[in-house]
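Undergrad: In case you want the letters, here they are:
2 protein chains.
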Amino acid sequence: MAVTIHDVAKLAGVNSSTVSRVINGKATITPDTKERVYAAMRELDYHPNSLARSLASGLSGAIGVIVDARDAEAFSNWFFARSLFAIEREAQARGYQVIIANGAQSKGGNIETMMKEHKVDGLILPPTTVKPSLMKTIGDFPYVVLGTPDTLSSQTSWVDNNNGQGAEMAVRHLQEMGYQNIAYLGGHEKRGFTKRRIRGYQQANTGKETVLATDGTTENAYETALSVLKKTGHPDAFVCNDNLAAFGLLKACRELRVHVPRDVGIVAFDNYPLAEYTDPQLTIVDIDTAMLGEQTAQLLFKRIENRAGNQQIMLSTTLVKRASTERKAR
Amino acid sequence: MAVTIHDVAKLAGVNSSTVSRVINGKATITPDTKERVYAAMRELDYHPNSLARSLASGLSGAIGVIVDARDAEAFSNWFFARSLFAIEREAQARGYQVIIANGAQSKGGNIETMMKEHKVDGLILPPTTVKPSLMKTIGDFPYVVLGTPDTLSSQTSWVDNNNGQGAEMAVRHLQEMGYQNIAYLGGHEKRGFTKRRIRGYQQANTGKETVLATDGTTENAYETALSVLKKTGHPDAFVCNDNLAAFGLLKACRELRVHVPRDVGIVAFDNYPLAEYTDPQLTIVDIDTAMLGEQTAQLLFKRIENRAGNQQIMLSTTLVKRASTERKAR
DNA sequence: TCCCTTCGTGCAACCGCTTGCACAAATCAT
DNA sequence: ATGATTTGTGCAAGCGGTTGCACGAAGGGA
Chain H
1091 MAVTIHDVAK LAGVNSSTVS RVINGKATIT PDTKERVYAA MRELDYHPNS
1141 LARSLASGLS GAIGVIVDAR DAEAFSNWFF ARSLFAIERE AQARGYQVII
1191 ANGAQSKGGN IETMMKEHKV DGLILPPTTV KPSLMKTIGD FPYVVLGTPD
1241 TLSSQTSWVD NNNGQGAEMA VRHLQEMGYQ NIAYLGGHEK RGFTKRRIRG
1291 YQQANTGKET VLATDGTTEN AYETALSVLK KTGHPDAFVC NDNLAAFGLL
1341 KACRELRVHV PRDVGIVAFD NYPLAEYTDP QLTIVDIDTA MLGEQTAQLL
1391 FKRIENRAGN QQIMLSTTLV KRASTERKAR
Chain A
1091 MAVTIHDVAK LAGVNSSTVS RVINGKATIT PDTKERVYAA MRELDYHPNS
1141 LARSLASGLS GAIGVIVDAR DAEAFSNWFF ARSLFAIERE AQARGYQVII
1191 ANGAQSKGGN IETMMKEHKV DGLILPPTTV KPSLMKTIGD FPYVVLGTPD
1241 TLSSQTSWVD NNNGQGAEMA VRHLQEMGYQ NIAYLGGHEK RGFTKRRIRG
1291 YQQANTGKET VLATDGTTEN AYETALSVLK KTGHPDAFVC NDNLAAFGLL
1341 KACRELRVHV PRDVGIVAFD NYPLAEYTDP QLTIVDIDTA MLGEQTAQLL
1391 FKRIENRAGN QQIMLSTTLV KRASTERKAR
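Going line by line, the protein sequences match chains H and A.
Take 1091 as the starting number for the first sequence in our numbering and just add one per residue.
Take 1091 as the starting number for the second sequence in our numbering and just add one per residue.
Warning: the hint list may mix true and false statements.
Claimed, not checked - Output of the computed footprint for chain A on chain H, the stretches with three or more beta carbons under 8 Å from beta carbons of chain A:
1) 1146-1159
2) 1205-1217
3) 1253-1259
4) 1364-1374
Hint data in this document are derived by calculation from the structure and do not stem from the laboratory.
Every residue gets a Cβ at the ideal spot worked out from N, C-alpha and C, and that includes glycine.
Whole structure, please, built from the sequences with the hints as guidance.
TA: Structure follows, in structure tokens:
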């Protein structure tokens, strides 16, 4: 049916192993032979069967990216999508495919399946999957966690942005701008990165501590903000767990005629493209998702190639100052 | 090294072909034998090598989703991510992997590579890739276009939402609400779906025609809106090509103190989660991305399984009425 | 009871490529 | 010039499954 390495070999008048060597460049081949092989490949429009190649070499040539999203919302999550873009770019540069799978436990996205059935040569995992049981099944199979695992973090490889530092920066900036009663709004309190952000908030905050965790939705952030802002002596600033929470907060402020940034200052994590189009524009803790994805992929490939030991990479965040914290009119 | 089908066969006291048949359920096997095989598999923690399986069966067990995104922005595009979520779900239900690749022309994302090297059994393509040259190389390889191709649309399989109908609905709604001078804002004029939306706008619009194409960015929509709204006799309503354009428009309205919905009505395509948190909330033409992804995947699998002929599926859109078009106070 | 199906399983040839080993030819050192 | 290397290529055994064919055993009909 399809043209195989043998067809090429026959046409070029050499053995198939020679063709294989030409393709892989793994041996010294006479320029003349090489040229004949290339000519034959061109003439026959030969494309090596990657399946056969993988089987023989024992390498699938793919990496898997596992997500743990219940709904489309989480999947289309800006953070994840941007990182994925960078991961794909790195993989492509190395000739690897990227397989995505949702649901670490479900049959299809099963981590064990992916590795034991040789579907991938390495995995990028969400922090939620890191548990002693995983460590046992995964053995020395190459993987990198995108985010900080809640446990076993020193025994795993991971790449994450420094959430604590980001929150501290946010709080300090608000304090500098004259806000004194700073609250933290949004985020599942169980999620590791939220916890770390809250800790950072607590460490930098010198005023009253108010942690307003939500269920992670914009709606819930809105409701929470609404009830808090109705009370007298409410916070005069908020560090939001993400842009979604900030949108909810902004809506609450509008409805209650609470002026931002005069009455309330806002800093939000993440840098959605729309954060510049709110009223007022949002000051944000920017996460370099491109760098995050790139570093994650690079670390994974390092581990795939030479089984390097575990390694942790912490990326710092950047504060982008915009109108939502400009208390004093300029 | 790894445990193979032969190890299982030996332990179960049968031939490896029997084990294969048990795994694939492709033949009648004595319950007793079957049980012994399962027991052996369990005992040895056997996982079939998917690579070997693919090679022997000639099926990779994966589908490829090609994207054509220059920057992370387009990749993290809400529309694409949501559809991808649904595609992945369908694939997983059928035991297929999903490989994503960016850049139809680049080496890694090369459509030809994907199919000729047997990396995937089918492809989901962006409409921009549909050209006569592609048709030639792709032959009868199963693929489905996610979106409407600009050319050859009757000779390809595709799934799309009805953009023309959506725009017509938007215009009619605006007219019903009393707006008379309706403009179309945003979108690359070269992009097929924008063209179709504009055509729908033109068909339903009974007033003056104003098409304000942009470069697709929020910033450009903002600038365009700003200059248009400064003129007297400016449009009293806009159909926006997407939520991003609407955000730009809203910002321009705010700055110029143009009241929405009193002075200007807005309908935008897409239903970002944040469209409910703008001021005022946006009336939108909702695209069922989950359905889109699902239908696309289903059609692809249908084509993979029985080489069904080309087929086109057009999904209708829904208008979600919100405050941005509520001209008369309720 | 005897012949004809149907059923359950084994045999062995692939699927298309990689790679260790072998060996002739070419290159080098002395 | 000659033995020791190095270089280029072929041979064939895998990699771990799938599957058409064959055949004995079991089941069915008359």
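Undergrad: All hints are to be evaluated individually against the structure, with a verdict given for each.
TA: Cross-check of the supplied hints:
With 3 residues having a beta carbon nearer than 8 Å to a beta carbon of chain A, the segment 1146-1159 of chain H meets the requirement of three or more and the stated coverage holds. Coverage of the segment 1205-1217 of chain H by chain A holds in this model, with 4 residues showing a Cβ closer than 8 Å to a Cβ of that chain against a need of three. Judged by the Cβ-Cβ criterion of 8 Å, the segment 1253-1259 of chain H is not covered by chain A as claimed, because only 0 of its residues qualify and three are needed. Counting residues of the segment 1364-1374 of chain H whose CB lies closer than 8 Å to any CB of chain A gives 4, which reaches the minimum of 3, so the coverage claim holds.
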